[in-house]
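S.K.: Per numbering that gives the first Met the number 0, the sequence shown starts with residue 0, numbered consecutively.
It should be emphasised that the hints constitute simulated quantities derived from the structure, not laboratory data. For each residue, glycine too, the CB sits at the ideal point set by N, CA and C. Accuracy of the hints is not assured; some may be wrong.
[Claimed, not checked] Here are the in silico distance ranges between beta carbons for each label pair:
hint, residue 1, residue 2, range
1, Ile201, Val287, 39 to 47 angstroms
2, Thr77, Phe230, 30 to 38 angstroms
3, Ile37, Lys299, 47 to 55 angstroms
4, Ile20, Val131, 50 to 58 angstroms
5, Lys115, Ile20, 50 to 58 angstroms
6, Gly253, Leu229, 28 to 36 angstroms
7, Ser294, Pro222, 15 to 23 angstroms
[What the hints assert, rightly or not] List time: in silico DSS-like cross-link candidates among lysine-lysine, alpha-carbon distance up to 30 angstroms:
hint, residue 1, residue 2
8, Lys149, Lys138
9, Lys113, Lys225
10, Lys218, Lys113
11, Lys83, Lys299
12, Lys225, Lys83
13, Lys115, Lys225
14, Lys138, Lys271
15, Lys83, Lys19
16, Lys62, Lys271
17, Lys225, Lys109
18, Lys218, Lys271
19, Lys271, Lys83
20, Lys171, Lys149
21, Lys171, Lys83
22, Lys218, Lys115
23, Lys109, Lys218
24, Lys110, Lys218
25, Lys138, Lys171
26, Lys271, Lys171
27, Lys225, Lys110
28, Lys138, Lys225
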Amino acid sequence: MASELLSVKTKKKIKKSKLKIKRDITGWAFVIFSVGSIGLFYFYPMIQSFLLSFQSGTGSNLKFVGLANYRRLLQDPTFLTATKNTLLFLVFQVPVMVLLAIFFSALLNKKTLKWKGIFRTIVFLPSVTSLVAYSIVFKYLFSNNGIVNKILMNLSLIDNPVLWLSDPFWAKVLIILAITWRWTGYNMIFFLSAIQNISPEIYEAARIDGASNREQFFKITIPLLKPVILFTSVTSTIGTLQLFDEPMNITRGGPGNATTTISQYIYNLSFKYTPDFGYAAAVSYAIVILVIIFSIIQFKVGGNDRD
Numbered sequence: 000m001a002s003e004l005l006s007v008k009t010k011k012k013i014k015k016s017k018l019k020i021k022r023d024i025t026g027w028a029f030v031i032f033s034v035g036s037i038g039l040f041y042f043y044p045m046i047q048s049f050l051l052s053f054q055s056g057t058g059s060n061l062k063f064v065g066l067a068n069y070r071r072l073l074q075d076p077t078f079l080t081a082t083k084n085t086l087l088f089l090v091f092q093v094p095v096m097v098l099l100a101i102f103f104s105a106l107l108n109k110k111t112l113k114w115k116g117i118f119r120t121i122v123f124l125p126s127v128t129s130l131v132a133y134s135i136v137f138k139y140l141f142s143n144n145g146i147v148n149k150i151l152m153n154l155s156l157i158d159n160p161v162l163w164l165s166d167p168f169w170a171k172v173l174i175i176l177a178i179t180w181r182w183t184g185y186n187m188i189f190f191l192s193a194i195q196n197i198s199p200e201i202y203e204a205a206r207i208d209g210a211s212n213r214e215q216f217f218k219i220t221i222p223l224l225k226p227v228i229l230f231t232s233v234t235s236t237i238g239t240l241q242l243f244d245e246p247m248n249i250t251r252g253g254p255g256n257a258t259t260t261i262s263q264y265i266y267n268l269s270f271k272y273t274p275d276f277g278y279a280a281a282v283s284y285a286i287v288i289l290v291i292i293f294s295i296i297q298f299k300v301g302g303n304d305r306d
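Based on the sequences and whatever the hints tell you, model everything.
M.R.: Right under this line is the structure:
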């Protein structure tokens, strides 16, 4: 009898084991294509580009040069200028964009505001426009004889056209205006969603305690938006460090290299100048390093209130 029970238990264990193997195989059958595709089209190129950054030459004449490409970065004036431009766009544009996104989200969340749906669509619409198309439109709007200069002159705000495209300072301002216009609405959606998920009871309790609307905004809304502020700041920082379309299509990186970004310099190294894919790969990993540094700083500054 005992042997029969043991045999039944053994059979059940074998059956469970086979069923588990079958489930594992079925599960892997569903994900193997996605995992393989991610590995083939994401991790493999990433590893290959990292190995390429230690090489120099073109085509089949690549040779290993060690850290020479990375040492060259610190002595390359064009790279240093591109890095300075990119960081300048980052420092000015990201904070302004985040503040504007918070402002619009709070404004468009008011219950007394009419046609909220229309206003929300208007603010969000730039983020779904074509990058190339809107860049070209900006280029013509801010040309020397463009609509913007004509309006400013008709309002007697300026006497002569502002050289948006040919003056280094105003070219930088134009790029900042363009990317701020493009991405403010996108980030506003995150803040609007977060504000709508704050319990109305919190605001009701604050009103009972005599808190004004201003105090409610700065002492309730802003602290509760902290995770979203951190998220949008990090993603916007990553996007700005990879900035390419606007400088490429509006100013072509000019005048001179006044608006050239790191991503545009990578493009120039690969396709505009004499191809140097090894050095271009090294420059691309400079972006990776900057992304890591700024992300760590923002997470440290933003902090995590939970122990």
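S.K.: Does each hint fit the structure? Answer for all of them.
M.R.: Hint check results:
1. Ile201 - Val287: 39 to 47 angstroms: Holds, since Ile201 and Val287 (Cβ atoms, about 40 angstroms apart) stay within the stated range.
2. Thr77 - Phe230: 30 to 38 angstroms: Holds - the Cβ-Cβ distance for Thr77 and Phe230, about 33 angstroms, lies within 30 to 38 angstroms.
3. Ile37 - Lys299: 47 to 55 angstroms: Hint violated: Cβ distance 30 angstroms, outside 47 to 55 angstroms.
4. Ile20 - Val131: 50 to 58 angstroms: holds, 51 angstroms
5. Lys115 - Ile20: 50 to 58 angstroms: Because 55 angstroms falls inside the window, the suggested range holds.
6. Gly253 - Leu229: 28 to 36 angstroms: holds, 35 angstroms
7. Ser294 - Pro222: 15 to 23 angstroms: holds, 22 angstroms
8. Lys149 - Lys138: holds, 14 angstroms
9. Lys113 - Lys225: holds, 28 angstroms
10. Lys218 - Lys113: holds, 26 angstroms
11. Lys83 - Lys299: holds, 23 angstroms
12. Lys225 - Lys83: holds, 29 angstroms
13. Lys115 - Lys225: holds, 24 angstroms
14. Lys138 - Lys271: holds, 22 angstroms
15. Lys83 - Lys19: With a Cα-Cα distance of about 56 angstroms, the restraint between Lys83 and Lys19 is violated, given a limit of 30 angstroms.
16. Lys62 - Lys271: holds, 22 angstroms
17. Lys225 - Lys109: Holds - the C-alpha atoms of Lys109 and Lys225 are around 20 angstroms apart, at most 30 angstroms.
18. Lys218 - Lys271: violated, 52 angstroms
19. Lys271 - Lys83: holds, 21 angstroms
20. Lys171 - Lys149: Answer holds: Lys171 to Lys149 is near 20 angstroms, not above 30 angstroms.
21. Lys171 - Lys83: Roughly 12 angstroms separates the two Cα atoms, so the pair holds.
22. Lys218 - Lys115: Holds, at about 25 angstroms.
23. Lys109 - Lys218: holds, 18 angstroms
24. Lys110 - Lys218: Holds - the C-alpha atoms of Lys218 and Lys110 are around 20 angstroms apart, at most 30 angstroms.
25. Lys138 - Lys171: With a Cα-Cα distance of about 13 angstroms, the restraint between Lys138 and Lys171 holds, given a limit of 30 angstroms.
26. Lys271 - Lys171: holds, 22 angstroms
27. Lys225 - Lys110: Distance ~23 angstroms between Lys225 and Lys110 Cα, so the pair holds.
28. Lys138 - Lys225: Violated, at about 36 angstroms.
In the structure shown, a violation is registered for the earlier hints numbered 3, 15, 18 and 28, in ascending order.
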